[in-house]
Every structure is written in C-alpha cells, then in structure tokens.
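Q: First to last, the protein sequences are chains A and B.
Using the UniProt record's numbering, you'd call the opening residue of the first sequence number 1 and step up by one each time.
Using the UniProt record's numbering, you'd call the opening residue of the second sequence number 1 and step up by one each time.
To be clear, the hints were calculated from the coordinates, so they are not data collected in a lab.
Glycine is no exception: its CB is placed at the ideal position from the N, C-alpha and C atoms.
Keep in mind that a hint or two might mislead.
[Said to hold, decoys possible] In silico BS3-like links for lysine-lysine, alpha-carbon gap of 30 Å or less:
| hint | chain 1 | residue 1 | chain 2 | residue 2 |
| --- | --- | --- | --- | --- |
| 1 | A | Lys198 | A | Lys100 |
| 2 | B | Lys22 | A | Lys128 |
| 3 | B | Lys71 | B | Lys9 |
| 4 | A | Lys128 | A | Lys164 |
| 5 | B | Lys22 | B | Lys10 |
| 6 | A | Lys128 | B | Lys71 |
| 7 | B | Lys9 | A | Lys128 |
| 8 | B | Lys10 | A | Lys128 |
| 9 | B | Lys10 | B | Lys71 |
[Said to hold, decoys possible] Residues on chain A that point at chain B, a partial pick, calculated with CB under 8 Å:
| hint | residue |
| --- | --- |
| 10 | Arg124 |
| 11 | Met127 |
| 12 | Glu169 |
[Claimed, not checked] Each pair of labels, with its calculated beta carbon distance range:
| hint | chain 1 | residue 1 | chain 2 | residue 2 | range |
| --- | --- | --- | --- | --- | --- |
| 13 | B | Asp21 | A | Glu40 | 49 to 59 Å |
| 14 | B | Ile53 | A | Asp41 | 37 to 47 Å |
| 15 | B | Asp57 | A | Ala65 | 14 to 24 Å |
| 16 | B | Glu48 | A | Phe96 | 42 to 52 Å |
| 17 | B | Lys71 | A | Tyr230 | 36 to 46 Å |
| 18 | B | Ile53 | A | Met97 | 51 to 61 Å |
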Amino acid sequence: MFDLSGKCALVTGASGGIGGEIARALHAQGATVALSGTREDPLKVLAADLGERAHVLPCDLSDPAAVDALPGRAVEAMGGLDILVNNAGITRDTLFMRLKDDDWQAVIDVNLTAAMRLCRGALRGMMKARWGRIVNITSVVGTTGNPGQANYCAAKAGLVGMSKSLAQEVAARGITVNCVAPGFIETAMTDKLTEEQKAGILGAVPMAAMGTPADIAAAVVYLASAEAGYVTGATLHVNGGMAMV
Amino acid sequence: MSDIADRVKKIVVEHLGVEEDKVTENASFIDDLGADSLDTVELVMAFEEEFGIEIPDDAAETIQTFGDAVKFIQEAS
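Let the hints inform the model, and build the full structure from the sequences given.
A: Okay, structure coming up:
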C-alpha cells in the first residue's frame, strides 16, 4: 500500500524539519521529489542523501513571479507534477495590538498566497492527467487560534477554506485536495519556544509528548497515495489529541 | 468546413463525449453540450495547446458556443 512509484512530488519548505521529512517519506515510497526552499544548502544536503529521484529547486515564496514559475520548473526537472505539498511556512509572532502591516502581509503572502499560486500552477497538468494530489500543511492553531499568532492562524485557517473550495471544483477530475494539521511538533520553529511555553503546551496534549516530523510525513504519504482517492476536502489532525476537532 | 473547425470539433467531441452532429455553429457548450464551467476552462486549455495560442481569461469568457471558439481561433492564429 501507499506505493508512489512513478509519481512526481513537489514539496515546499523542504529545507525545514517537517518538509524535509515529508520529502524523505514520499521518496521512500518511490516518488520522484522536487525539494523547494529558500535556503539552497540544506536542500542540496537532503538531495545528496536521497540520491536518485531528487531535484533541488530553490524558490523564494515571497516573490510572486518566482512562485508562479515553480510548478513549471518542477515539471521540467521531474517530467511531471502529480503531488503538490504546500508545506512552507513562516511566523512573525506578535501580540495583536503590536501587529504591523508587514508582519501580517509577509505571513499571508508566504503561507497562503504562495500556496494558492502553486495550486493554480499545478492544476493544469493534474486536470489533463485526471489525477492529482494536493496536500496543504496547515496547523492546529488554524482551528483553535493562538495568542500572538493572529497572522499565522489567519493564513492557516485560510488554507483550509481554500482547500475545501478547490477540492469541490476538481473532485470529478481525480484530483484531491486535503490538509494536514500538525499540533506541537519538534522543529526549529518550536525550538524557539521557552521551556515554560513548551511545558504549558505539553500540559494540553493528552499524549504528553511532542510529535515528530515523521508523524506528519506519514499523514502526507497517506493523502498522496492512490488509497486515499476517496478522501478530499479533509483536514487530518495530527496532534496527539491536543484538539479533537 | 475549415480545418480549424474540424480540429475544434474533434476536441469538443472528445472532451465532452457528445455526438459530432450535436456540435453545430450555435451549440452552447454549457446549455446544449452538457459542459460544466470547469469543462469550459479545460476546453480553452485544449484549444490553446492544439493551436499554440494563448486565450486570455476575458476572451475565454466570451467563448460560449462552438462557433465562438472557431471564430476566436481563426482570428488568433
């Protein structure tokens, strides 16, 4: 099950902890992967580690022209684009009363608008192929909200709504659009939290442990597979029971 | 019938799965040929590829019938 041989997958934010693990997992199931991210060095290291069937496609997701060009580059590198994983995300956490326009816009641009552009760019080939898998990585806080993250939560909730609309439009074409919503996962992003913050969050997780990038990657592999063909417009929450929604 | 009309008709017949004689000059893709709005987008994509042209979104919206499509492509190519 979950064999992805012959499929071509583009993963954004592959230089990060979760994105890198998603790319690894898709690759392990047989997919060819295009690793995208802002920082080229970690992408190269990952590609070298994966060996064959791995391509490095650096891209600045805050640059609309570069984002629009990325699906085409992926097709050129891999010969197709069957699976799109919008994983890249940034944070500009601040209390709402101190929220600057720039903090808002930067997060919306990268976390939401870039995902829309990549979906749009990937759809043409998927429509023709009558097969496609789009997996958008959102977050538990897109559902629950989180103080200090109004911009991030808005973008993540926006991804869910966008995914559901798109899922309805393209369902009859064999294309599914789903979200994976991680809870508290060990990454560079969560490393920035203080011990006190971590303890507070873990107190709210019934499993009393942080998740790992591999937990998220497994959910993505499932949604990208042929076996998940009847699942669309769904959000798969992977959060240790932190929010049961 | 012109070569362009033949090629457009072939695409329409294949894509919408309709009988060839239903694809007449004034046949509306949506009202007469059973297309939904996404089908019309796909038809435009198919025309673009077949004829190597670009059909801007505002022009695509004016292409409602088989005749509209043939006329637009004749003028564009």
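Q: Indicate, hint by hint, whether the structure satisfies it.
A: Consistency of the hints with the structure:
Proximity of Lys198 (chain A) to Lys100 (chain A) is assessed by CA-CA distance (about 26 Å); at most 30 Å being required, the pair is judged to hold. For a cut-off of 30 Å, the pair hint linking Lys22 (chain B) to Lys128 (chain A) stands: about 24 Å separates their Cα positions. Pair hint Lys71 (chain B) plus Lys9 (chain B) holds up; C-alpha atoms about 13 Å apart against a cutoff of 30 Å. Between Lys128 (chain A) and Lys164 (chain A) the alpha-carbon distance is near 21 Å, which keeps this suggested pair within the 30 Å criterion.
Distance hint between Lys22 (chain B) and Lys10 (chain B) is fulfilled; the C-alpha atoms sit about 12 Å from each other, no more than 30 Å. Annotation: proposed proximity of Lys128 (chain A) to Lys71 (chain B) holds, straight-line Cα distance about 25 Å (limit 30 Å). Of the pairs offered as hints, the one joining Lys9 (chain B) and Lys128 (chain A) holds, with about 18 Å between alpha carbons and a cut-off of 30 Å not exceeded. Our distance criterion of 30 Å between C-alpha atoms is met by Lys10 (chain B) and Lys128 (chain A), whose separation comes to about 16 Å.
Note on Lys10 (chain B) and Lys71 (chain B): the hinted pairing holds, with a Cα-Cα distance of about 16 Å set against a maximum of 30 Å. Interface restraint check: Arg124 (chain A) against chain B, minimum CB-CB distance 6 Å, threshold 8 Å, status holds. Checking Met127 (chain A) against chain B by beta carbon gives a least distance of about 6 Å; that is within 8 Å, so the hint holds. At a threshold of 8 Å, the smallest CB-CB gap from Glu169 (chain A) to chain B is about 6 Å, leaving the interface hint in force.
Asp21 (chain B) and Glu40 (chain A) have their C-beta atoms about 58 Å apart, which keeps the hinted 49 to 59 Å range intact. For Ile53 (chain B) and Asp41 (chain A), the Cβ-Cβ distance of about 42 Å falls inside the hinted range of 37 to 47 Å, so the restraint holds. Range check, Asp57 (chain B) to Ala65 (chain A): about 18 Å between beta-carbon atoms, so the 14 to 24 Å window is met. With their beta carbons about 46 Å apart, Glu48 (chain B) and Phe96 (chain A) fall inside the hinted range of 42 to 52 Å.
Against the hinted window of 36 to 46 Å, the Cβ-Cβ separation of Lys71 (chain B) and Tyr230 (chain A) comes to about 42 Å, which satisfies the hint. The beta-carbon spacing between Ile53 (chain B) and Met97 (chain A), approximately 53 Å, falls within the hinted interval of 51 to 61 Å.
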